[in-house]
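S.K.: FYI, in mature numbering (1 follows the signal peptide of the UniProt record, and there is no 0) the residues of the sequence shown are -25 to -1, 1 to 714.
Do not rely on the hints blindly, as some may be mistaken.
[Said to hold, decoys possible] Below, computed lysine-lysine pairings styled on DSBU-like, alpha-carbon distance capped at 35 Å:
#, residue 1, residue 2
1, Lys339, Lys386
2, Lys329, Lys386
3, Lys467, Lys386
4, Lys169, Lys386
5, Lys364, Lys490
6, Lys643, Lys490
7, Lys562, Lys647
8, Lys562, Lys490
9, Lys490, Lys647
10, Lys329, Lys339
11, Lys562, Lys467
12, Lys339, Lys467
13, Lys364, Lys467
14, Lys364, Lys339
15, Lys647, Lys169
16, Lys386, Lys643
[Unchecked claim] FRET-style restraints, in silico, Cβ to Cβ:
#, residue 1, residue 2, range
17, Ala187, Gly557, 56 to 62 Å
18, His147, Phe291, 44 to 50 Å
19, Phe708, Ser648, 27 to 33 Å
20, Thr296, Leu714, 34 to 40 Å
Keep in mind the hints are simulated off the structure, nothing from the lab.
Note that the Cβ used here is the ideal one computed from N, Cα and C, for glycine as well.
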Amino acid sequence: MRSSHLFTGCTISLLLALQSYEHAAAQTTSEAEQIQVKGQAFPGVATQQAPQAASLAETEPTSTVSGRFIAEQTPATSNYDDIIRLTPSAMDIDPNGPGLQQDFGQSIRGLQYTQFSVLFDGVQVPGSPGNLSPQPAAYFVAHDLGPITVNRGPGPASTIGSATFGGDVEIHSRDPSTTASINPYATFGSFGTKLYGIEVDTGTIGQQLGGALSGGRILLDIQRNESRGALSGTSDERRNLFAKYIQPIGDDTTLTAAVNLDNAITHTPYGTPLSLIDTYGRNFSLNDDPHSQAYGPYNRDAYTTDFEYLLIEHRFAHGLTVSDQPYTTAFYHRGLQTSDTSLSTPNLTTGPGKTYYLQGVPTKLNNDVPGASAQNDYRAWGNILRIAKDTPYGQARAGLWFESEDNTLYKTNIVLTRNQLPYTTSRTGSAYQYLYFDRLTTVQPYIEFAWHPLAQLTITSGVKYSSVTRSLHGPLVRTVKGPADDHATYNKALPSFDANYRVNSHLSVFAQAAKGFLTPPLNIFYAQIVNSVQPSTTNNYQIGTVYQRGWLSADVDLYDLQYQNYIASTVIGRNTLYTNQGNATFKGVEVEATVQLGQGLALYGNGSLNHANYHNGASIAQAPRRTAVAGVLFDRHSALLHDDRIDASLLIKDVGPQWGSDTGLVNKVPIKSYDTTDLAVHYLLPLQNARHLDLGVQVTNLFNNTSLIGYAGAAAGNGAPLYWVNPGRGIFFSVSSVL
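Kindly generate the complete structure, drawing on both the sequences and the hints.
M.R.: Rendered as structure tokens:
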């Protein structure tokens, strides 16, 4: 009740403040318009220059990173997690350089990347079976991305996903161009990074050539990149193919088809203790000693993924629209890893009380390297149906999301220095650490209505019903369980309410209240108390405002999220299990603004104060108490030549202090605040017939700040904390031509 009174009071105060502000702003209208006209270097408004901006129509805190900013101001190797780290309240741990390894931690408002959904063209990106976390470097490349929208809220009932209460990241692919072109491109830079690719666009296919394809457009992009990474002993090699086809069928129907294929091979780091960092340097991770558990080739992962969908959209008469989107996604993983890259666990040596069996045969081992071989085969099939109908009072919407995921996993103990043969410590023991099959089925129907009681007011109310069934079968499941034949279904009705009021054409206010739901991760099945673990639920309250007027784009919001049944890890004996840890609270304030100064210059900044705590006062791990971004932007047409363009950015990201661990609701391993400064310059040189050449340079971590940025877990042997270090300065040169 107290939270609700606070929410209502803040809403009233905000509305009164905005009315006063708007009255004052109206007196400076003519001056602002003059600034906009005189700022010839800015072709539009501040929202076009901002790295990300909110929308006047939004009903929850939202930041959209433009496709142009992604293409021109970020390294071409970047994954979506690298890109959205500049948005308010966001943090990303990427110790090997931009996009040069899998993600090792990400949070928005302190909510981890297992607690918000990631969508690509409306389809949920597959996550790890254990905790629903996606693998950013296993799917899409930056060259194929359009805008990315970060919704810091559960959204309306029509928002689908496994963890929408923490918000969602909506990735949009680029559409095929209406003009035929060939686009070769390349990037070279630090850490031995090499990236090259070619994109082909058919343009709009004419009747004389296309026949049934008339009016359609096709994009095909093929890319390859490799890097040894910022950390020693690591590497990343990746191949990607993306294709998209848009075909109008008559005047009212559009068919879209897309496919993304990706293959990545990495030598993977697992964090480093301070003892090794102090001895070998800030970038130490793996080494080149084949008798060491930190040997790079012994820690290898191969990821193969595919992502395909069909989308058909039809506009019927009388304001009725229907879309249907069947899809399939897959994630195949093959991995090798040693037992302990921190070197706190000895190798295998036969001796008194230590006998080893390789494939059932007693074998004398002498300083041999222990490890494991893992396999994960995941495939999901799903469909998203959406129906919308315009009425005199607003728009009615209904839909249904269905998805079924099948996943087979196993992990085997092996001796890496003995041809990777399986080993046991007894003649009849099993070399498997685990072997099981998991199935997750999700059904989410929804209904909502966007009501317009006034021309400037939109009130959207709806309900989504989420039903999730998880089953696990296998002879050997991790930790204490042994054989398993488990089955659980979780059901929850999730109402939502939001409102957007357009005070005038420059100013809007919004409010949102919604319930959220998160299915318990697969990890909880490893315990003996499966049926006692309840899903996480949330009550979300948010208010905010957006102001846009030519030279200025600004927004501010307040949020309060009450989290019930927070699922966290707890240690029982030598086993780590996942159980409900009670309630938690997430609340804070976020601001964002871009101000145009004229002559091609603009100032950008965002900031957040974030509170994320358990009921006993302990902080949520990997939840910075604040974040901030500040910098200068430059964008000028016809700067050196007619129709050329120079744009640049200098942005500093500050991440506040946080705790690395919250096991047992006790904070350990403090991580101090740190900052990273990035510089980017892009030049577009016009060629004949609307063709152009693009040249760019991006400098990440300009001032070479190598602070500790995250906690990677505890060493297997002695429990020492393992850390991630901010990667050193990176310089990347890019060239691209549209022919």
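S.K.: Give a verdict on every hint.
M.R.: A quick look at each hint next to the structure:
{"no.": "1", "hint": "Lys339 - Lys386", "result": "23 Å, holds"}
{"no.": "2", "hint": "Lys329 - Lys386", "result": "22 Å, holds"}
{"no.": "3", "hint": "Lys467 - Lys386", "result": "34 Å, holds"}
{"no.": "4", "hint": "Lys169 - Lys386", "result": "33 Å, holds"}
{"no.": "5", "hint": "Lys364 - Lys490", "result": "25 Å, holds"}
{"no.": "6", "hint": "Lys643 - Lys490", "result": "31 Å, holds"}
{"no.": "7", "hint": "Lys562 - Lys647", "result": "21 Å, holds"}
{"no.": "8", "hint": "Lys562 - Lys490", "result": "15 Å, holds"}
{"no.": "9", "hint": "Lys490 - Lys647", "result": "33 Å, holds"}
{"no.": "10", "hint": "Lys329 - Lys339", "result": "10 Å, holds"}
{"no.": "11", "hint": "Lys562 - Lys467", "result": "24 Å, holds"}
{"no.": "12", "hint": "Lys339 - Lys467", "result": "56 Å, violated"}
{"no.": "13", "hint": "Lys364 - Lys467", "result": "26 Å, holds"}
{"no.": "14", "hint": "Lys364 - Lys339", "result": "74 Å, violated"}
{"no.": "15", "hint": "Lys647 - Lys169", "result": "33 Å, holds"}
{"no.": "16", "hint": "Lys386 - Lys643", "result": "30 Å, holds"}
{"no.": "17", "hint": "Ala187 - Gly557: 56 to 62 Å", "result": "60 Å, holds"}
{"no.": "18", "hint": "His147 - Phe291: 44 to 50 Å", "result": "25 Å, violated"}
{"no.": "19", "hint": "Phe708 - Ser648: 27 to 33 Å", "result": "31 Å, holds"}
{"no.": "20", "hint": "Thr296 - Leu714: 34 to 40 Å", "result": "38 Å, holds"}
Checked against the numbered hints listed earlier, the structure breaks hints 12, 14 and 18; every other hint is satisfied.
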